[in-house]
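Asker: Sequence:
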Amino acid sequence: MIGELYEEALQGHAPVEIEHADGQRRPLPIQDWLALRPGDGGLLARCSGTTLDVGSGPGRLTVALARRGVPVLGIDVVPYAVALTVQAGGPALCRDVFGLVPGTGLWRTALLADGNIGIGGDPQMLVRRVLGLLAPGGRVLVEVGPPGSGSQIEPLRLRAPGRVGEWFEWAQVSVEAIHGIAAGCAATITGTWQEADRWFVTLRSLTSCPAKGPCPARPS
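Read the sequence shown against UniProt numbering and you will find it ends at 220, with the numbers running on by one and no gaps.
Don't take each hint at face value.
Pair ranges (Cβ atoms, derived) [said to hold, decoys possible]:
no.: 1; residue 1: P29; residue 2: P147; range: 16 to 24 Å
no.: 2; residue 1: E4; residue 2: G41; range: 31 to 39 Å
no.: 3; residue 1: P79; residue 2: E169; range: 34 to 42 Å
no.: 4; residue 1: T202; residue 2: H13; range: 36 to 44 Å
no.: 5; residue 1: R163; residue 2: G121; range: 16 to 24 Å
no.: 6; residue 1: G121; residue 2: G89; range: 31 to 39 Å
no.: 7; residue 1: I30; residue 2: W167; range: 17 to 25 Å
Derived from the structure by calculation, the hints contain no laboratory data. From the three backbone atoms N, C-alpha and C, an ideal C-beta is built for every residue, glycine too.
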């Protein structure tokens, strides 16, 4: 149901909301994911070498990088989002970051934009996994919450008129909290920047950790 409601939102067939466990709701920000928006410029400019866009959605960043001549691949678990990326000219595959990912150990840059640090509800495990996909010296560009925004792991679900999806775990990570996550992954923060009220950090691994094959510790 999560994928179905997400696909419907991408198609514009139904208004879809994100529902929190306390009952609060907010619109699923589909428009932010369909076209380049303020703050994307600095993120794209920092992508060098082979780039993996994790949770690429409909592919605005993947497509923009491909048009710039950057070797890029988007991965997402929703087939329709992957199809939109390919139709727009961006290379993308339907893959789970915790599963088999092409080019493991060879990527120079990985993206965790648009709050994708929250994937799986365990940001430290996610960062460790993504670092393991990189070539030695590679880096992860992570979008984080602004100072003082707090960090938490919470259940969310998607809701459309007359239908609700299953609960799933999602994490929110502030720019302060990413320091502890980096330390727990034997990584260091080598850069922080702000653009258009969005905050980003660059992570590099302190050790060589080629995570070959699927991750055995994917959350249930």
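Asker: So, for every hint listed, does it hold in this structure?
Answerer: Taking the hints in turn, this is what the structure says about them:
1. P29 with P147: 16 to 24 Å: Once the Cβ atoms are compared, 21 Å apart, the range 16 to 24 Å for P147 and P29 holds.
2. E4 with G41: 31 to 39 Å: 33 Å, holds
3. P79 with E169: 34 to 42 Å: Check failed, 22 Å falls outside 34 to 42 Å.
4. T202 with H13: 36 to 44 Å: 38 Å, holds
5. R163 with G121: 16 to 24 Å: Between R163 and G121, where Cβ atoms are some 23 Å apart, the hint holds.
6. G121 with G89: 31 to 39 Å: Because 33 Å falls inside the window, the suggested range holds.
7. I30 with W167: 17 to 25 Å: 20 Å, holds
Checked against the numbered hints given earlier, this structure breaks only hint 3.
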